[in-house]
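Protein sequences, first through last, are from chains Y and Z. Counting from 1, one number per residue, gives the positions in the first sequence under this note's numbering. Counting from 1001, one number per residue, gives the positions in the second sequence under this note's numbering.
By construction, these hints were calculated from the structure, which means they are not laboratory data. Think of the CB as a built atom: it goes at the ideal place given N, C-alpha and C, for glycine as much as any other residue. There's no promise every hint is true.
Stated by the list, open to error - From the derived model, a few chain Y residues whose C-beta atoms are all more than 12 Å from chain Z:
hint : residue
1    : 129
2    : 160
3    : 176
4    : 223
5    : 263
6    : 266
7    : 270
8    : 272
9    : 297
10   : 303
11   : 364
Said to hold, decoys possible - Straight-line alpha carbon distances no greater than 16 Å define the calculated EDC-like cross-link-like pairs of lysine to aspartate or glutamate that follow:
hint : chain 1 : residue 1 : chain 2 : residue 2
12   : Z       : 1080      : Y       : 71
13   : Y       : 264       : Y       : 126
14   : Y       : 263       : Z       : 1076
15   : Z       : 1277      : Z       : 1020
16   : Y       : 281       : Z       : 1280
17   : Y       : 281       : Z       : 1260
What the hints assert, rightly or not - Facing chain Y, from chain Z, some residues (calculated, C-beta under 10 Å):
hint : residue
18   : 1072
19   : 1250
20   : 1253
21   : 1256
22   : 1257
23   : 1287
24   : 1288
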Amino acid sequence: MLLAGGQGSRLGILTKTVAKPAVPYGGKYRIIDFPLSNCTNSGIDTVGVLTQYQPLELNRYIGSGAPWDLDLNNGGVFVLPPYQKGKVGEWYRGTANAIYQNMAFIEQYNPDYVLILSGDHIYKMDYNKMLQFHIRNGADATIAVREVPWEEASRFGIMNTDAESKIIEFEEKPKQPKSNKASMGVYIFTWEKLRKYLTEDEADKTSSNDFGKNIIPKMLDDKQVMVAYQFDGYWKDVGTIESLWEANMDLLSTPLPIDLHDKKWRIYARNPGYTPHYIAKGATVTDSMITEGSQIYGHVHHSVIFSGVTVEEGANVQDAVVMPGAVIHRGAIVRRAIIAENAVVGPGCVVGEETGNIAVVGNGITLPAGVSVTAGQQVDASTTF
Amino acid sequence: MLKDVMGVIYTGENDANLRELTMMRAIAALPVAGRYRVVDFLLSSMVNAGIRNVGVIMQKNYHSLMDHLGSGKEWDLHGKHDGLYVLPPFLTRENVGVYSGTLDALRSNTNYLSRSKQEYVVLCNSSIICNPHMDQFIQFHMDTNADVTLMYTCEESMLRDEMGTYIQVADDGRVTDMEVDPTHPTHANTFMEILILKRDYLRDLVDKGVAHGHHELSRDVLMPMVRDGNGRVMAWEYTGPAWRLDSVQGYFKFNMDVLDAEVRSKLFADDLPVYTKIRDEMPARYGENAMAVNSLVADGCIIEGTVENSILFRGVRIAPDAHVKNCIIMQDGQVHSNAYIENCILDKQAVIKRNARLIGPNAYPIVIAKNVVI
């Protein structure tokens, strides 16, 4: 069950019209490609995607699930928006409530275990290994954790464990963390147990119906068997403008911190079907990643260029993320910036600065010629020049 | 209206002049333009016109073609009704599975023709690359009440001595003369081996042709029809770019022409997308000292050296200090450090090792066969 209903408001104007899991990443992917590809590569062939906020783009993107081999007769991918039940119809009130409202969907498949995922992170993980760990430990719940730098630990949900990986305490954003094992928001539950706790949680009117705040603490109080599954691979939160930019820049370092060439663990994506990209005479491209359908006539250095992008002659793009269909007109300078889908940077514009926060030009925004966008500025339809 | 049209693509044409490139595959399966196969163009063109039933007649080395087409999913031809039909050769008492021409091939597949429900058939070969507005062609055929309509081009580069079919077209679009494989073409209009006619009419022509011991559609059926005037044969002009892939040079020229932005915008027009099989490679990566100019680069490539006027297919690696000029490098090819190659065509998975130098003459590129290490 993939929780994809959140707005991701920390991504600012990038999630104004699309849900966070549909935000483009890494030249040809969207964030949701990672959990979906992980599922199909882990042998999980029945996936529910819970949507609520701005679902149109996400629905279109998921479609039949064919890009991830999830267009199956038995199972496959299902988009699950909130729906009316009898006289009652309500929005998803929290992560746990979202799953509670879809218990009937889960029961159709009569599973032994349920995997709960979020659409917030870039990582390659074999969920099947985690499930084997869950089964071996006879656990009721397994929570994937990752060691984070101690100084950042107070930003995460922290698991305090004993020597056998049993979770003894869970602290949400502790001021004085006792451990640096942060929850990745990836849970496996034995379905029978989860069903019981979801039902109880729903009956509790004081609960905020959230996994981290309610379900997991309650299960710990009840001395259920809860274990932490340690994951050591690349894992990047892309919940903020800065971290989304950083995660893209990570793909330009050598060796690649996350191997996307791996034929045994491909990350699948819906393909726009363009020609290969074209690098013109007089263009320079160094230290960058470029995908199909782009035309480069200018200078690109240390940047990630998505599909169907045009960089005109004399334009200078550096340390930037240029999303699908964007156009950088001649003489424009783009530095430390995210140019969102189908945005147009007019001739001679200057977007971003050599240092400071990341500048953002929102989806479909056209910057008139000669405009400057300062570090950290976000340009959307309400911005005036 | 277009629901009433089916497509048939014949892929068994002569490919001797393509040497190693077609040793292991049909022309239709030849990789072109960085990520496509030849068959993608006409197949997409048909699909873009709304054709929902396409048969691909296979002859030689058709494994890679079948692998490429799969279920037809990429072309949206995998529905319950109609869709993509792969038609490999088979042995029967009166048929040895080797076709001497289009007529022969159609005779062997009369079952498919008679079982299809569409009223019209668009029939084509696979050695000419173009991307026509097939819907306009079909509409022209219906509007002019023709028995057969041929697609032609005035493009001079399509003229060849001793091969090809050339037609004379009157002002009203009627075909008034036709010559097949002339010593020198006397007509400037090249028939592009794409035609439309009623399915019943085609079946009739095939039956009659076979009964008279004929094999080829152009020479044995269309030419007499035009000359004797016993059929209304019309012609529709295609004004977009077209190429004949009838030799290594022709193949090389087509790929190099695609480097021209204007050619690309015509061949891959926004309203005529070309679909192909998807490989899910990560985007191409360029290293610190990479130098790429006037080149087309597909996903999955890693470029650390110099690339000029070249076409790199998916997954190609160009090592630091390697230099590639005027080359076509197919899927997963590698050029190791300090190697220099010019005017070469590297087939899939070919590897050029360190310090190697390989320079082909301008008009006659060197072909390195699949899996060869140099």
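To see whether the hints hold, each was checked on the structure:
1. 129: holds (22 Å)
2. 160: holds (38 Å)
3. 176: Non-interface label on residue 176(Y) holds, nearest chain Z Cβ at 41 Å vs cutoff 12 Å.
4. 223: holds (45 Å)
5. 263: violated (9 Å)
6. 266: Non-interface label fails for residue 266(Y): nearest chain Z Cβ at 5 Å, not farther than 12 Å.
7. 270: violated (9 Å)
8. 272: violated (9 Å)
9. 297: violated (9 Å)
10. 303: violated (10 Å)
11. 364: Consistent with the label, residue 364(Y) stays out of reach of chain Z, its closest Cβ about 18 Å off (over 12 Å).
12. 1080(Z) / 71(Y): Satisfied, since the Cα-Cα distance of roughly 15 Å is no more than 16 Å.
13. 264(Y) / 126(Y): holds (11 Å)
14. 263(Y) / 1076(Z): violated (26 Å)
15. 1277(Z) / 1020(Z): violated (23 Å)
16. 281(Y) / 1280(Z): violated (28 Å)
17. 281(Y) / 1260(Z): holds (11 Å)
18. 1072: violated (13 Å)
19. 1250: At 20 Å from the nearest chain Y Cβ, residue 1250(Z) fails the 10 Å test, so the hint is violated.
20. 1253: violated (18 Å)
21. 1256: violated (13 Å)
22. 1257: Violated. Min distance 13 Å.
23. 1287: For residue 1287(Z), the interface hint holds, since the closest Cβ of chain Y sits about 7 Å away, which is under 10 Å.
24. 1288: holds (5 Å)
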